[in-house]
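*Asks:* Chains as they are written, first to last, in my numbering: chain A, 122 to 352; chain B, 330 to 644.
Because the hints were derived from the structure by calculation, they are not lab data. Remember, predicted model here, so these are calculated numbers, not experimental data. Watch out, some of these pointers could steer you wrong.
Stated by the list, open to error - Below 25 Å or equal to it, Euclidean Cα-Cα: the simulated DSS-like pairs (lysine-lysine) are:
no.: 1; chain 1: B; residue 1: K490; chain 2: A; residue 2: K231
no.: 2; chain 1: A; residue 1: K181; chain 2: A; residue 2: K229
no.: 3; chain 1: A; residue 1: K231; chain 2: A; residue 2: K192
no.: 4; chain 1: A; residue 1: K222; chain 2: B; residue 2: K490
no.: 5; chain 1: A; residue 1: K192; chain 2: B; residue 2: K471
no.: 6; chain 1: A; residue 1: K192; chain 2: A; residue 2: K222
no.: 7; chain 1: A; residue 1: K192; chain 2: A; residue 2: K181
no.: 8; chain 1: B; residue 1: K490; chain 2: A; residue 2: K134
Given next are the chains, with one letter for each unit.
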Amino acid sequence: MLQVQDLHAYYGKSHILQGVDLHIDGGEVVSLLGRNGVGRSTTVKAIMGEVPPHGTITFKGTNIAGLPSFKIAHLGLGYVPEHRDIFPGLTVRQNLMLGIKDPRHPGKWKLDDMLGMFPNLAARADTAAGVLSGGEKQMLTICRTLMGDPELVMIDEPTEGLAPIIVQQVGDLIAEIARRGVAILLVEQKLSIALRISHRVYVMGHGRIVFEGTPAELKANDAVRREWLEV
Amino acid sequence: MLELIVISTLNGVLYGMLLFLMASGLTVIFSMLGVLNFAHASFYMLGAFFGFQISRWFGFWPALILAPLLAGALGAAVERYGLRHVHKNGHVAELLFTFGLAFAIEEIVQIIWGKSPVDFRVPPLLDFPAFTLFSTNYPAFKIFMLVVSIVIFIGLLVVLKRTRIGLIVQAALTHPHMVGHLGHNVGRIFMLVFGVGTALAAVAGVIAGPALVTQSNMAGLLGPILFVVVVVGGLGSLPGAFIASLLIGLVQTFAVSMNGSLAGAFGPLSPDYAATWLSDIWNVTVAQIAPIMPYLLLVLILIFRPMGLLGTRDT
Numbered sequence: 122m123l124q125v126q127d128l129h130a131y132y133g134k135s136h137i138l139q140g141v142d143l144h145i146d147g148g149e150v151v152s153l154l155g156r157n158g159v160g161r162s163t164t165v166k167a168i169m170g171e172v173p174p175h176g177t178i179t180f181k182g183t184n185i186a187g188l189p190s191f192k193i194a195h196l197g198l199g200y201v202p203e204h205r206d207i208f209p210g211l212t213v214r215q216n217l218m219l220g221i222k223d224p225r226h227p228g229k230w231k232l233d234d235m236l237g238m239f240p241n242l243a244a245r246a247d248t249a250a251g252v253l254s255g256g257e258k259q260m261l262t263i264c265r266t267l268m269g270d271p272e273l274v275m276i277d278e279p280t281e282g283l284a285p286i287i288v289q290q291v292g293d294l295i296a297e298i299a300r301r302g303v304a305i306l307l308v309e310q311k312l313s314i315a316l317r318i319s320h321r322v323y324v325m326g327h328g329r330i331v332f333e334g335t336p337a338e339l340k341a342n343d344a345v346r347r348e349w350l351e352v
Numbered sequence: 330m331l332e333l334i335v336i337s338t339l340n341g342v343l344y345g346m347l348l349f350l351m352a353s354g355l356t357v358i359f360s361m362l363g364v365l366n367f368a369h370a371s372f373y374m375l376g377a378f379f380g381f382q383i384s385r386w387f388g389f390w391p392a393l394i395l396a397p398l399l400a401g402a403l404g405a406a407v408e409r410y411g412l413r414h415v416h417k418n419g420h421v422a423e424l425l426f427t428f429g430l431a432f433a434i435e436e437i438v439q440i441i442w443g444k445s446p447v448d449f450r451v452p453p454l455l456d457f458p459a460f461t462l463f464s465t466n467y468p469a470f471k472i473f474m475l476v477v478s479i480v481i482f483i484g485l486l487v488v489l490k491r492t493r494i495g496l497i498v499q500a501a502l503t504h505p506h507m508v509g510h511l512g513h514n515v516g517r518i519f520m521l522v523f524g525v526g527t528a529l530a531a532v533a534g535v536i537a538g539p540a541l542v543t544q545s546n547m548a549g550l551l552g553p554i555l556f557v558v559v560v561v562g563g564l565g566s567l568p569g570a571f572i573a574s575l576l577i578g579l580v581q582t583f584a585v586s587m588n589g590s591l592a593g594a595f596g597p598l599s600p601d602y603a604a605t606w607l608s609d610i611w612n613v614t615v616a617q618i619a620p621i622m623p624y625l626l627l628v629l630i631l632i633f634r635p636m637g638l639l640g641t642r643d644t
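Same shape as in the complex, but just chain A (with noise of 0.2 Å):
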């Protein structure tokens, strides 16, 4: 479903990405782990345009590397990026609104179905988001992308900052996308979910694919979790 073939990118003059390939298939949930700094994020922002890409980087069989970031949405790609930008001064259920593209056409994921999930959310649908707790935020970008529909949705560091619990519910609400039958490229830092849910996991490392191979042979690869992942 995506592919991303020797993607290069750069901040300024420092090369950030230097040759990440990987995919994604129809269904998938594909994790993307490694330390801070190792160019996670960037790749996913490369993805979606927000960094200039060089490479190819095709999306059911269309090349998107470097169109406008709402056509790639429109083909189905969602991005949750990790500084859950939440639309402060509108409430929970706008919010939610504005994740559908198009009022004619709503998706699958309606938002009776999003507020039933959520008893948080459904209980401040009417108040503005911005006094969301960090957890009730997370929440809300990953159900206003889901609104969408995408047939792939990454995203990143879900749990960065959260508490134990809410780490939990999150990795919830993500196996219920993926049983849903949604792709999933997962960037995190935190091993426990990304081994509990993913199909396959790729570990970055200086700006490239270090290894690739399913939650099972990353826990039997403790040379790659040591020079990699551990801190």
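Go by the hints and put chain B onto chain A.
*Replies:* Same frame as chain A, now just chain B:
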């Protein structure tokens, strides 16, 4: 005295609403594109001159509709074919672009309509006193101006708060990238906002043209006040711009109608130094310093509340 207060309040609110018609567009454009549009007042002027020309051909009422549409289309084109390309080169380039545009529009207006005021008159239908208050005849056209500005203000509020496109605009004010990631065409929204913003300024131009003077320097006269409004209200805040518009409208109107001076207030004390080198300041009336009142307010705001009355950002 009561008469003075009532009439000045009416005039002040009217002037404030006119300012808001322009400041609302300016502040929304600033929030979204991050650029103060120096040419914004030029679209107000274009509105007045387009209104003048079209009312000559077809009458005032078609002009009230057509002139803002024309100016808005021009504004949208400026965003689409000008600002959007300059954007890559950063904010300084964008500022210089709008700055240059303001000069270009002024020169073009002078070439077409000349430097002296044109004869843009109040339509005969509205050329009568609406009511007489104490001894003052209040012109119907001013009431009409007030009604038009209030209707547009309410319309703007409803569109922003109640419609989907309004919600997208509100979201794009703070997080334009995220709005794009959700599949909304941010570029088209920018163009739309620029078009509507400049069209609103042009509406102000059409209705202010007959009441004030339609002349090629009207943009230059009003532009600085507009920036005062936006800074005092808080950059990017619509409610702030509304309050600041009314505040400055009232301050200026009241100041003009007041004759008090330091000598008047402290006259009975008549200190010795009043007659010396201080005598000039001593005898200046409030009305004389009315034009600098908005800037005085600007300085005070910048000292005590740099983010503006309702602003949230520090830049």
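*Asks:* Confirm or reject each hint.
*Replies:* Tested hints:
Between the alpha carbons of K490(B) and K231(A) the distance comes to roughly 22 Å, so the proposed pair stays at or under 25 Å and holds. Of the pairs offered as hints, the one joining K181(A) and K229(A) holds, with about 20 Å between alpha carbons and a cut-off of 25 Å not exceeded. Restraint check for K231(A) and K192(A): satisfied, since their Cα atoms lie roughly 22 Å apart, inside the 25 Å limit. This hinted pair checks out: K222(A) and K490(B) have alpha carbons roughly 19 Å apart, not beyond 25 Å.
For the hint pairing K192(A) with K471(B), the CA-to-CA distance comes to about 48 Å; that exceeds 25 Å, so the pair is violated. With a C-alpha separation of about 11 Å, the suggested pair K192(A) and K222(A) falls inside the 25 Å cut-off, and the hint holds. For the hint linking K192(A) to K181(A), the alpha-carbon distance of about 13 Å falls within 25 Å, and the restraint holds. For the hint pairing K490(B) with K134(A), the CA-to-CA distance comes to about 44 Å; that exceeds 25 Å, so the pair is violated.
Checked against the numbered hints given earlier, this structure breaks hints 5, 8; the rest are met.
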